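Asks: Letter by letter, the chains look like this.
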Amino acid sequence: MPSEDAVGTATAPVVPGPGAGPARHRPRVELRSLPGLTAGVIALVVVLAAPALLPGFKLDYLETAISFAVAALSLNLLVGQTGQLSIAHAAFLGVGSVVAVELGSRGLAWPLVFLGAMLATAVAVAVVGVPSLRIRGLQVAIGTLVFQAFAIDLANSTGVLAATRSFNRPGYLQSSGHIYYLSLAVLALVAFLLRRTRTTRAGRSFVAVRDVEARAAAFGINAGRTKLLAYALSGALVGLGGALFAFQQNSLGSAVPFGLQPSLLLIAVVVVGGARSSAGIVIASFFIYALPSLAPSGLSKYIQVVFALFLILAVLFQPEGIGGVLKDLDRRLGDLVAGERERPNPRPMPTDPVEKAHSATALRQVPRPLAGRLPVPALLSARDVTVQYGGVQALQQLNLEVRRGEIVGLIGANGAGKSTFFNAVSGLAPVRGSIRYRDRELTTAPPASRSGAGLVRTFQDMGLVRADTVRENLLLSQGWLARYPAAAGILGLAGTLPTEKELRRRADMALDLFGLDHLAEERLGDLPYGTMRIVEIAAAVAAGPDMLLLDEASAGLTPEEANQLGYRFNALRDELSLTLVIIEHHVPLIARVCDYCYCLESGRLIAEGTPAEVVAEPDVIESFLGAGSLKPARGSA
Amino acid sequence: MIGSEIVTGLTIGAGYSLLAVGVVLVYTSTRVLSLALGEMGAFGFYLGVKFNLHGVPLLGWHLSAFEAGITAILVGALLGLLVERFIMRPLTARPGIDKLIVTLGVALVLALVELNFISFDPYPAPPFLGSGHFVLLGATLTTSRIAELVAAAAAAVVLYLILNRTKLGLATRATTSDPTVARLLGVKVNNVYRFAWVTAGGLAGLAGALVSNTNGVLLPFSLTTALLSSLAGAVVGGLDSLGGAIAGCLLLGVVQNLAQPYGIAYESGITLVIVLVVLLVRPQGVFGRSSAF
Numbered sequence: 173m174p175s176e177d178a179v180g181t182a183t184a185p186v187v188p189g190p191g192a193g194p195a196r197h198r199p200r201v202e203l204r205s206l207p208g209l210t211a212g213v214i215a216l217v218v219v220l221a222a223p224a225l226l227p228g229f230k231l232d233y234l235e236t237a238i239s240f241a242v243a244a245l246s247l248n249l250l251v252g253q254t255g256q257l258s259i260a261h262a263a264f265l266g267v268g269s270v271v272a273v274e275l276g277s278r279g280l281a282w283p284l285v286f287l288g289a290m291l292a293t294a295v296a297v298a299v300v301g302v303p304s305l306r307i308r309g310l311q312v313a314i315g316t317l318v319f320q321a322f323a324i325d326l327a328n329s330t331g332v333l334a335a336t337r338s339f340n341r342p343g344y345l346q347s348s349g350h351i352y353y354l355s356l357a358v359l360a361l362v363a364f365l366l367r368r369t370r371t372t373r374a375g376r377s378f379v380a381v382r383d384v385e386a387r388a389a390a391f392g393i394n395a396g397r398t399k400l401l402a403y404a405l406s407g408a409l410v411g412l413g414g415a416l417f418a419f420q421q422n423s424l425g426s427a428v429p430f431g432l433q434p435s436l437l438l439i440a441v442v443v444v445g446g447a448r449s450s451a452g453i454v455i456a457s458f459f460i461y462a463l464p465s466l467a468p469s470g471l472s473k474y475i476q477v478v479f480a481l482f483l484i485l486a487v488l489f490q491p492e493g494i495g496g497v498l499k500d501l502d503r504r505l506g507d508l509v510a511g512e513r514e515r516p517n518p519r520p521m522p523t524d525p526v527e528k529a530h531s532a533t534a535l536r537q538v539p540r541p542l543a544g545r546l547p548v549p550a551l552l553s554a555r556d557v558t559v560q561y562g563g564v565q566a567l568q569q570l571n572l573e574v575r576r577g578e579i580v581g582l583i584g585a586n587g588a589g590k591s592t593f594f595n596a597v598s599g600l601a602p603v604r605g606s607i608r609y610r611d612r613e614l615t616t617a618p619p620a621s622r623s624g625a626g627l628v629r630t631f632q633d634m635g636l637v638r639a640d641t642v643r644e645n646l647l648l649s650q651g652w653l654a655r656y657p658a659a660a661g662i663l664g665l666a667g668t669l670p671t672e673k674e675l676r677r678r679a680d681m682a683l684d685l686f687g688l689d690h691l692a693e694e695r696l697g698d699l700p701y702g703t704m705r706i707v708e709i710a711a712a713v714a715a716g717p718d719m720l721l722l723d724e725a726s727a728g729l730t731p732e733e734a735n736q737l738g739y740r741f742n743a744l745r746d747e748l749s750l751t752l753v754i755i756e757h758h759v760p761l762i763a764r765v766c767d768y769c770y771c772l773e774s775g776r777l778i779a780e781g782t783p784a785e786v787v788a789e790p791d792v793i794e795s796f797l798g799a800g801s802l803k804p805a806r807g808s809a
Numbered sequence: 053m054i055g056s057e058i059v060t061g062l063t064i065g066a067g068y069s070l071l072a073v074g075v076v077l078v079y080t081s082t083r084v085l086s087l088a089l090g091e092m093g094a095f096g097f098y099l100g101v102k103f104n105l106h107g108v109p110l111l112g113w114h115l116s117a118f119e120a121g122i123t124a125i126l127v128g129a130l131l132g133l134l135v136e137r138f139i140m141r142p143l144t145a146r147p148g149i150d151k152l153i154v155t156l157g158v159a160l161v162l163a164l165v166e167l168n169f170i171s172f173d174p175y176p177a178p179p180f181l182g183s184g185h186f187v188l189l190g191a192t193l194t195t196s197r198i199a200e201l202v203a204a205a206a207a208a209v210v211l212y213l214i215l216n217r218t219k220l221g222l223a224t225r226a227t228t229s230d231p232t233v234a235r236l237l238g239v240k241v242n243n244v245y246r247f248a249w250v251t252a253g254g255l256a257g258l259a260g261a262l263v264s265n266t267n268g269v270l271l272p273f274s275l276t277t278a279l280l281s282s283l284a285g286a287v288v289g290g291l292d293s294l295g296g297a298i299a300g301c302l303l304l305g306v307v308q309n310l311a312q313p314y315g316i317a318y319e320s321g322i323t324l325v326i327v328l329v330v331l332l333v334r335p336q337g338v339f340g341r342s343s344a345f
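Protein sequences appear in the order of chains L and P. According to this note's numbering, the first sequence is numbered sequentially starting from 173. According to this note's numbering, the second sequence is numbered sequentially starting from 53.
One thing to keep in mind: the hints can contain errors.
Stated by the list, open to error - Here are a few chain L residues that face chain P, going by a calculated C-beta distance under 8 angstroms: (1) Ile259; (2) Pro303; (3) Ile307; (4) Gly309; (5) Leu310; (6) Ile314; (7) Leu326; (8) Gln433; (9) Pro434; (10) Val443; (11) Ser469; (12) Lys473; (13) Ile475; (14) Val477.
Stated by the list, open to error - Far from chain P by the CB rule (all over 10 angstroms, computed), these chain L residues: (15) Leu206; (16) Leu280; (17) Arg306; (18) Leu317; (19) Arg341; (20) Arg368; (21) Ala467; (22) Glu512; (23) Pro618; (24) Met634; (25) Pro731.
Derived by calculation from the structure, the hints in this document are not laboratory data. For clarity, every value in this text was computed on a predicted model and none was experimentally measured. All residues carry an ideal CB built from backbone N, CA and C; glycine is no exception.
Work out the full structure: start from the sequences and follow the hints.
Replies: Structure, rendered in structure tokens:
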């Protein structure tokens, strides 16, 4: 069992092979990034010069827009990153504002007031988000909608929004310009923290919950806790926005924008701005919160309706919103000034490691009289394992074992229970019976703990996040190695940066080992399917497993790719000392690499033995290969 | 005394269940949680009331209050048709959160049009079915309250019969269980989706007229606020169970009415507590079958 602080202390690479990671290119300022840089600089200058350009009351509108931009960014943490929906973010902004005014009016120093508002709002949002611990669907959003109504009723009946109390702004932060710059600083801080979050364990967990929630445990992620963290974090940020709003207003009147309509507008801002782009969201905030006040008065009602229509149109036609449009524009302008970018050629199946594995295993390519079990104790043993879904027995009284250093094959027709066995081992299926791993009972251990124990699996239909890059996926799979608190990671506190660096180094080593290093920055979903499958194995290896469970790794590959996969399996076992359990339909592959083989049918074990023995069994031939089919020739691939 | 409170609560719950029936119908057949239904109904009644007060543009007819109510139903159904065809159908393959958000977008657009282009001030709601009242078990009920009760019961019975006795109902149930398999078996899935949205839209229009009558005025988002209680009731009873959702709405109506003397915040506060507890303890609802989305 690897030690708890595996990454903190371990400096020796788990993967033998190239000692250092591949050389990284140091990015210089390229010609193609010029248009984007220029636009950014101009925008920054305009934003910083705004107090000199605008009269004070118009500056107030910009300040309000900034508070709401903060709320929208915090909402995007839920909507865009975690796939959860809050229909009460304006109310939560109100919670932050009210708490801030209450604290401020009692004479607390303003930074403490901000912290208090963040804390209180984080608690409020987390409480409403608590049902997400149990629910995978969107019903949680209904809870937030009910909260929205409750918050308004509560405010109306208690009169907390009456303009009798004030924030007590300090004397040195009274002028419109000062407040504006403070607002800008808060916005920049929030955008920076969100950006940092993406590069920490927390941010990767959010995305995993959004895209592959049912499988998040395979990366050592507890989905419920991750969602609660997202709610609390979003709450802290929207509380910060609320405190900022209260600071700007100094005292709250009754006509404050915390109702249902502002909550819906915030959702519109996130969608129109684009869930993947903070800049897009800030621009959208400006359009809906500042522009109607700055534009001629007759126009504002049109702006609102048009903006709401944009929400529908964006979902239909431009899911990445303004951010997507900006990115596209940036790419085109870049192409214009610097010529078409040369796209890295995704070598679908890198050959070098294959050659290497080939030469390493060539020595063993003799007929193997040793076929059969190794005389070592079992690493994984299943005793009387039964999995029942409603009336269906997916596994019945299964007994099997896997010994250290073996490659064990699991075969059987569709629906035989092979993947169910993997689910049982990885804690994704309800198990009766006993599964022991390194002589520890697995069935009682939480699902998210298994990758840490050295058991790592892949999924038949890809368990990775297609919207993320290859490297991000390899970082995600090492979730159990990033054992720092979420807040410490986001703030970049001591210890977390070296851990992240180490994770990146491991990711790069794994990519190198699989000949994928040139694809590190590519979006996974853009790669050819065969390459994706290899990335999935690389991600599993990056997690530092003792035992790999590979679910139909050859599915969807060409025969040549599947053949190469055989060398990879041998290399994983022989060079990385891994133990492999593979689910396979490709019989020649099984025959070539497996030391031992189990055949399932309708949840029962019908045969076990060496591959040659198993495929010769009449039951197996009938069940799996089809009655009357010929005995497959060994190594015919 | 308590009896009359309960009867009043039941009629409130019946109002909620009119919208909840539509929510459940759309949810079971399309797996979309529609938050647009309230505003779709309100929009229909907004138009009806506008035609009642100012006449139909160009034609100059002044609709009667009853005709305003009929307008609400027709416009609600038409909006259902349009939303299904041009917004929801292209999004069929998209994640649930996108569909949920787009229904919110529809609600937002309609509410902003109501606010900015129909009437900035609250509209008076003309008595759609006359303005008498009745006394039932000690509770004084206006016509619109009685009508909510009757309409909800009628809608539930008719829908139950359609779903269980007709070919369309069979197609709907097949689609609910698995749209792909239903399609392979020759079910015209799009017809089922259209049926669900048009029916839900029409019911929303009826709810828009009746609930506004009970409230006395028509405001942007007032029906979305009513929809919120419908959703809460449907969550409590089970989003995929017609009877469960109605039972949940009735329960919620009674509880809210009992909490009402203590203040509005208690009414919505207890709703919030009930919803959070049900979501946490029994996410599929008391009568629901599955919690999967």
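Asks: So, for every hint listed, does it hold in this structure?
Replies: Cross-check of the supplied hints:
1. Ile259: holds (7 angstroms)
2. Pro303: holds (3 angstroms)
3. Ile307: Check passed: Cβ of isoleucine 307 of chain L comes within 5 angstroms of chain P, closer than 8 angstroms.
4. Gly309: Result: holds, 3 angstroms to nearest chain P Cβ.
5. Leu310: holds (5 angstroms)
6. Ile314: holds (5 angstroms)
7. Leu326: holds (4 angstroms)
8. Gln433: It holds, given that the least Cβ distance between glutamine 433 of chain L and chain P is near 6 angstroms, below 8 angstroms.
9. Pro434: The hint is violated - proline 434 of chain L has no Cβ within 8 angstroms of chain P, the shortest such distance being about 11 angstroms.
10. Val443: holds (6 angstroms)
11. Ser469: violated (13 angstroms)
12. Lys473: Given a least distance of 4 angstroms, the restraint on lysine 473 of chain L holds.
13. Ile475: Constraint on isoleucine 475 of chain L not satisfied, violated at 10 angstroms.
14. Val477: holds (5 angstroms)
15. Leu206: About 35 angstroms separates leucine 206 of chain L from the closest Cβ of chain P, which puts it past 10 angstroms; holds.
16. Leu280: About 26 angstroms separates leucine 280 of chain L from the closest Cβ of chain P, which puts it past 10 angstroms; holds.
17. Arg306: Contrary to the label, arginine 306 of chain L does not stay out of reach of chain P, its closest Cβ about 5 angstroms off (not over 10 angstroms).
18. Leu317: Given that some Cβ of chain P is not farther than 10 angstroms from that of leucine 317 of chain L, nearest at about 5 angstroms, it is violated.
19. Arg341: At roughly 30 angstroms from the nearest Cβ of chain P, arginine 341 of chain L sits farther out than 10 angstroms, so the non-interface label holds.
20. Arg368: The claim holds: arginine 368 of chain L sits with its nearest Cβ about 24 angstroms from chain P, beyond 10 angstroms.
21. Ala467: holds (14 angstroms)
22. Glu512: With a cut-off of 10 angstroms, glutamate 512 of chain L remains clear of chain P, as the shortest Cβ separation is near 31 angstroms.
23. Pro618: At roughly 19 angstroms from the nearest Cβ of chain P, proline 618 of chain L sits farther out than 10 angstroms, so the non-interface label holds.
24. Met634: With a cut-off of 10 angstroms, methionine 634 of chain L remains clear of chain P, as the shortest Cβ separation is near 16 angstroms.
25. Pro731: holds (30 angstroms)
Of the numbered hints given earlier, the model fails hints 9, 11, 13, 17 and 18; all others are met.
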